[in-house]
Structures are given as C-alpha cells and as structure tokens.
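Undergrad: Combine both chains into one complex, guided by the hints.
Residue numbers (full-length UniProt numbering), protein chains in the order written: chain A, 1 to 223; chain B, 1 to 204.
Keep in mind the hints are simulated off the structure, nothing from the lab. Treat the hints with care, since some could be wrong.
[Unchecked claim] Examples of chain B residues toward chain A, derived with CB under 7 Å:
{"id": "1", "residue": "His12"}
{"id": "2", "residue": "Ile15"}
{"id": "3", "residue": "Phe19"}
{"id": "4", "residue": "Leu27"}
{"id": "5", "residue": "Thr30"}
{"id": "6", "residue": "Ile32"}
{"id": "7", "residue": "Arg41"}
{"id": "8", "residue": "Ala139"}
{"id": "9", "residue": "Lys140"}
{"id": "10", "residue": "Ser173"}
{"id": "11", "residue": "Gly174"}
{"id": "12", "residue": "Thr176"}
{"id": "13", "residue": "Ile177"}
Note that the Cβ used here is the ideal one computed from N, Cα and C, for glycine as well.
Below, each chain spelled out in residue letters.
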Amino acid sequence: MSTSYGRIVKDGLWDNNGVLCMLLGMCPTMAMTGTATNGFGMGIATAVVMAASNMMVAMFRNYVTHEVRIPVYILIVAANVTFVDLGMNAWMHELYKVLGLFIPLIVSNCLPLARLEAFAAKEPVLPSLVDGTFMGLGFTLALTAIGAVRELIGQGTLFADASLLLGPAFKFLEMRVMPEDMGILVLILPPGGFLVAGLMVVAKRMVDLAMGKEIKMAGAHSV
Amino acid sequence: MSAAAIKPTWVHAFILGAFCTGFGVLLAATDIVTQEPIKERALEDKMNSLGLVIPKSIHDNNPVTDAVTFTGTDGKAQTVYRAMMAGKVTGVAYEVIAHGGYAGPIRLMLGVDPDGKILGVRVIAHKETPGLGDKIDAAKNEWITRFTGLFLGNPPAEKWKVKKDGGQFDQFSGATITPRAVVGGIRHGLEYFAANKASMMEGR
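Same shape as in the complex, but just chain B (with noise of 0.2 Å):
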C-alpha cells in the first residue's frame, strides 16, 4: 500500500463512521422505500394461500375482511379468516406455527370445516434446507395436499406421525426433521381447533 504518512486515528474514526453513517441513511431510506410494497405482497401472499386452503365453492364473502382476533385457550391472540356462505360459518383458516424445522418455526396455513376436517394446508413461511425439506412447498412436491380430507380420529391421533415415528405420513429422503415439524404442526393445529371451535364459529 501507498499509505505515505502514518495517520492520526481519528482520521480513520472518521472515515468508517462517515461510511457506517452513509450506508446507514442509505438502508433506511430502502427500508422506507421497501416497507409498503413488502407488505402488500405479505398480504397478497396470504390471500393466495387462503385461496388454497379454502375452496371457492363453499363461501360467498371475502375471508380476509371477514376475520375476527379472539384470544385462544393458549392466551395467545389468533386471527382467524372465516368463510361465510349466506351468513353462516362454512370454514375457517388460521395461521399455525410448526416448532421442530431444521431452520427455525414454519407457518403454515390451515383451512377446517366445521366438522374439524382439513379443507387444505400450505406452507406460508420457512427456512428449511433447499432441496431437501423444502418439499413442503406445494410448489415443489404434492406431499402437503394429502392432508386435504384429514381429521383428528383419521388417522388416530398415534398415527399423526411421520412413518420413521410410526406414524402414517411419508417423511422425505434426507429429510425426517422437517415433515415431523409439519404433522406435528398440524396436528397441533386441529387439536387448537377443537379446544376453541366456539369461539372460532360464533358468527358475527
């Protein structure tokens, strides 16, 4: 390096905090820029996915406007988007976190009937291994649709497990971790259910 004379620290003080402050101003200024159209795609997202897991034929209003925040058994606050065919309940969704991934906690999206049966179930958010558990992703593998039809009873809840567990579901090859994480998610949420159906039913 060319550097000629040794210079004061300050000097260097000043240049990287000049620098920490230029690229600081610019990330906010991104993150101002970002943060509308990032939330419009969240929201169009979840409109997607409540397509998926709600069909169209069984409700004549909109899921998303039509939701309603209760306070569950487990004293967390829940959104629930509900379908509605001439006013009465014909479906619910809900958002349900799945612990146990490999990378962190998966959201899922699932849809019930009244009768506690899955209308549809998709993966909203995950971090898991590319290639490997990623096929939660309907996009990549059909495996979360065969949820579709499933109640608590069928299979019996010792049978809500991944095969290596003695459960009846597949796991992936290579991947056990994270489709454990999912039925066990799932599982959970049908059990969330059952224990709040009234309140998720209530009409309006």
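Excised from the complex, chain A in its bound form (with noise of 0.2 Å):
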C-alpha cells in the first residue's frame, strides 16, 4: 500500500472511484442525481463528512479494538453528519435550506464507511484526510455526470437550480438545452438513475480501456 499522495489522489478521482468502480454509495447515487446542481450538492456534503471521518478514525486507529470497530465507525460517521446538520443549519441557513435534504441521506451511505475501513484504519492523519477529501471529490465528480445526463435528457436542462445552491453568481451555469417537455421523463425517475449509472461505468472501462490500462474489477480490487 503505497502512501504516495498522487497515488491516493488518482485513486480518488478516477482510478478507485467511489461509484464508477467501486459501485459504492449507491443509494445517495440513484435518489440524488435527477439533476446535476443536486448530484454537486450531495458529493460535496458527503466529501466533508467523509474527510472529517477518515481523519478522526485514523486519529483514533491504535486505540480502537479489532472486534468493535465497525460500531465505532458507524457512531463517528453518525455524529459528523449530526455536526454538519445541526451546523449549517444554525450557521449557514441558506445553504441548508437546499442541502438539508441530502444531509442525512449521508448516514446510508457505505462508502464513508468503506474507506474508514479500508484506508483510514491503517495509515496516519494527513493520507487520510487526503484520501477522505478525494474519495468524496470523486464521488463529487461521478455523481454531477450521472445527475448532469439524466437532467439533460430527462428534463432538458442541465445545472437547473444551480444558482440557489451556489449564489447568484453562478446563475450562468443554468441553461435549457432542449425546449420543456421534450425530456424523456423515465430518466430523471428512479430506473433512469440505474440506467445512467450503469452505462457511466461501461463508458469508465471503455476509457480505460482505450487508455490500455488494466481493467479492476468492481470488488476484486484489494486494498
């Protein structure tokens, strides 16, 4: 296992990716990627929870026993959602007023989880802090593409509401592609979530593909 912050980084993004590879995090991938402004909102919710977790279970990685670390875990990633929420919500209303939704949401998701278990478990702070913000940015990245081609064709706008999620600054993002009405509704439904996600990851191993590297299988890749 290499610490090499490049490496971790890569792996973040596009190598190791959180849903395009390792197919985790699903439930928060299919509920919150209708449009691409949410799949933006929910990744980076998700990427300060899991920097924050992978931190805090790295800190504490010598002094938490083998047989009761999962219930461990589970409590830190619980109570840096807790955090976050009761947070944005006193300090940063506006922002909560739209992400307030995804915020829970992030309890169900297993790749925090899997990452506190697989990487922050065994190596020091900073790699950790480093592969939970990059993990999250990854999962950031992979869900805005799901969420910005089910909103293309689903409702034929993309970065819809992008302005109340970011400021008024970023009202140029917003842009109706195709006129009202002529969306293919199924998409922006929950099978359109699977449909997307699904040729996401073909078109992910295509590149790959294309780019000669070895294929990792989705599980198959040991940390």
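TA: What follows is the structure, encoded as structure tokens:
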C-alpha cells in the first residue's frame, strides 16, 4: 500500500472511483442525481463528512480494537453527519435550506464506511484526510456527471437551480438545452438512475481500455 | 490486523462505551450551542414567509407579535398571525399541514383576507424529492403563486384537485402526489378558515 499522495488523489478521482469503480454509495447515487446540481450538492456534503470521519478514525486507529471497530466507525460517521447538519442549520442557513435534504442521507452511504475500514484504519492522519477528501470529490464528480446526463435527457436542462445552491453568481450555469416537455421522463425517475449509472460504469471502462489500462473489477480490488 | 493477543471482552466494551460517551457529549454540546441560532433562523423564516403571504400594504402592525392562539373546531391549538390596519383585521396567516405528501407532512403558510380569499401561500418545510416534488417551493417554481386570489367557490369545491384527479391545478411531470397533497392542504386550510372565522377575526 503506497501512501504517495498522487496515487491517493488519482485513486479517489478516477482509478478507484467510489461510484464508477467500487460501485459503493448507490443509495444517494440513485436518489440524488435527478439534476447535476443535486448530485453536486450531495457530493460536496459527502466529501466534507468523509474527510472529517477519515481523519478522526485515523487519529483513533491505535485505540480501537478490531472487534468493535465497525460500531465505532458508524458512530463517528453518524456523529459527523449530525455535526454538519446542526452546524449548517445554525450558521449557514441559506445553504442548509438547499442542502438540508441531502445531509441525513449521508449516513446511508457505505462509501465513507468503506474508506474508514480500507484506508483510515491503517494509515496516518494526513494521508487519511487526503483520501477522504479525494474519494469524496470523486464521488462528487461521478454524481454530477450522472446528474447532468439524467437532467439533460430527462428534462432538457443543465445545472437547473445552481444559483440556489452556489449563489446568484452561478446563474450562468443554468441552461435550457431542449424545450420543456421534450425530455424522456424515465431518466429523472428512479430507473433512469440505474440506467445512467450503469452506462457511466461502462463508459469509464471503455476509456480505461482505450488508454491501455488494466481493468479493475469492482470488489476485486484489494486494498 | 496486528492484534497480538486476544483481549478480554470488557476491553472492547470499555472502548466502545468510551467512544459512545465521548461522541454523546460532543453531540449534546453541539445541540446546546446550535439550539438558539436554529430557533432564530426558524423565526426569521417564519417572518419572511409571513411577508410573502400577507402583502405589506394591508397592515401597519407586526403580525408576528400580534399573533393569537386559540383552539379550533378540530380541537387543536392554532396560532394565527393577524395583519391589522388601524386596529382592524385585514388578513390572517396561519400554518396548515398538508398530509399525503411523498415524504411526510408538508408545512404551508396560508394568508387569507377577511372574505376568505387567498392573499398568498408558501411552503415552509417539506421533505419531498429534490428535482421532482420540490417544485412546490416558490424559489424553484412559480406554481404555488397561482393560488393567490382564489377562494372556496373559485374554483368550485369539486375542482380543488390536480388535473389528474379531474380538478383544475397542474401537477408536475413525474410528480403528482406532492401537488395533490398541497392542493388538498390548501383547501383544507380554507375550510378551516370558514369554520373558525369568528375566533380568527375577532379583535384583541
């Protein structure tokens, strides 16, 4: 296991991407990718929680015995989610009104838990922080991409409501590519999530193949 | 893992207990620290949504402080925010809970003039699906503003439904349950006003 930061960053964003390679965190992936904006919001919230949880687990890794590690990890993730939820509600209320829907869902995401077990439990604090951050950003990337495809084909827009999430300055991101009622509704409904996520996994592998890379099988990638 | 020797059970129990206690204390502290700001934000939200359902031009008082609580015909306590001009009630606003949404109750703030006509209505809190049901939010879609000016009788009672159910209100593509719940909630709120008009309108 190398702790080279370049490797960690590359793993998180592409090579070992949480959604497109490990197929983890499918619950929020399906539920939150109706639009690119929602996918992005969910991804960023998850990245914050993952970075914090990874760091905490790495800090405590020498004190937690093997037998009770899973409950402790779940406790840490759940506590971090609650901190973010309460803190945002109190001090970043405008953002909370938009992102508030997403935050509790992070608990049902097994990607943070997987990174705690596979990485943070064995590595020092700083690499763990980097791993959590970039795994989270890779998650954001995948969710935004899936959201963009579903939104584009499903309702003909791109980054709808981005200004509500990111502030008025990002109004320019909101685009209507196709006229209303032209969209294929199934794509913004739950089955569309599965379809697009599946096609994205295929697309990623085709890119990897074209670049002459070895294909890593989901789950077979040992850490 | 490098667990050298098998540790007695109490060690694991102690570690887990310690973590639970530690994070429990942290969570309690966070709750204490954030309780006040969250309450303030909720009050601000309430004042903002009141401003949207009661036009500024019809009152010279502060409806949040001129609120009364009474027991309605359904036996539940209801807080009514009253807009007054020169001591005369020109409109009331109250919270209505719409049931039957996709994900739990939807809270609405409904403003009504003394004749029972809607001054404005807004969604205050909901957990509907982002991208589908959340178009009931005025920030995302103007749908909710179409209720302004309507009353029971316009449209007639049997038309207070979404189009899919034979009524006159649009549903959203991909989401019928949410608008159905909201339309039902607003109608219920207007019926509530009709039934409790006397206690809602009487002066202080």
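Undergrad: Each hint: holds or not?
TA: A quick look at each hint next to the structure:
A distance limit of 7 Å between C-beta atoms decides the matter here; for His12 (chain B) the minimum to chain A is near 5 Å, and the interface restraint holds. A hinted interface residue such as Ile15 (chain B) counts as satisfied when its beta carbon comes closer than 7 Å to some beta carbon of chain A; here the least separation is about 6 Å, so the hint holds. Here the hint on Phe19 (chain B) is kept, as its CB sits about 5 Å from the closest CB of chain A, short of 7 Å. The interface hint given for Leu27 (chain B) holds, since its Cβ lies 6 Å from the closest Cβ of chain A, which is under the 7 Å cut-off.
Restraint check, Thr30 (chain B) versus chain A: the minimum CB separation of about 5 Å is within 7 Å; hint holds. Interface hint at Ile32 (chain B): violated, since its Cβ lies 10 Å from the closest Cβ of chain A, which is beyond the 7 Å cut-off. Among the interface hints, the one on Arg41 (chain B) holds; its C-beta lies about 4 Å from the nearest C-beta in chain A, closer than the 7 Å criterion. Because the closest C-beta pair between Ala139 (chain B) and chain A is about 6 Å apart, less than 7 Å, the hint holds.
The beta carbon of Lys140 (chain B) is positioned within 7 Å of a beta carbon in chain A (closest approach about 6 Å), and the interface hint is therefore held. Because the beta carbon of Ser173 (chain B) sits about 6 Å from the nearest beta carbon in chain A, less than 7 Å, this interface hint is met. With a cut of 7 Å, the hint placing Gly174 (chain B) at the interface with chain A holds, because the nearest CB-to-CB distance is about 6 Å. The restraint placing Thr176 (chain B) at the interface with chain A is violated, with a minimum CB-CB distance near 12 Å, outside the 7 Å limit.
Hint on Ile177 (chain B) is violated. Least Cβ distance to chain A is approximately 13 Å, over the 7 Å limit.
Checked against the numbered hints listed earlier, the structure breaks hints 6, 12, 13; every other hint is satisfied.
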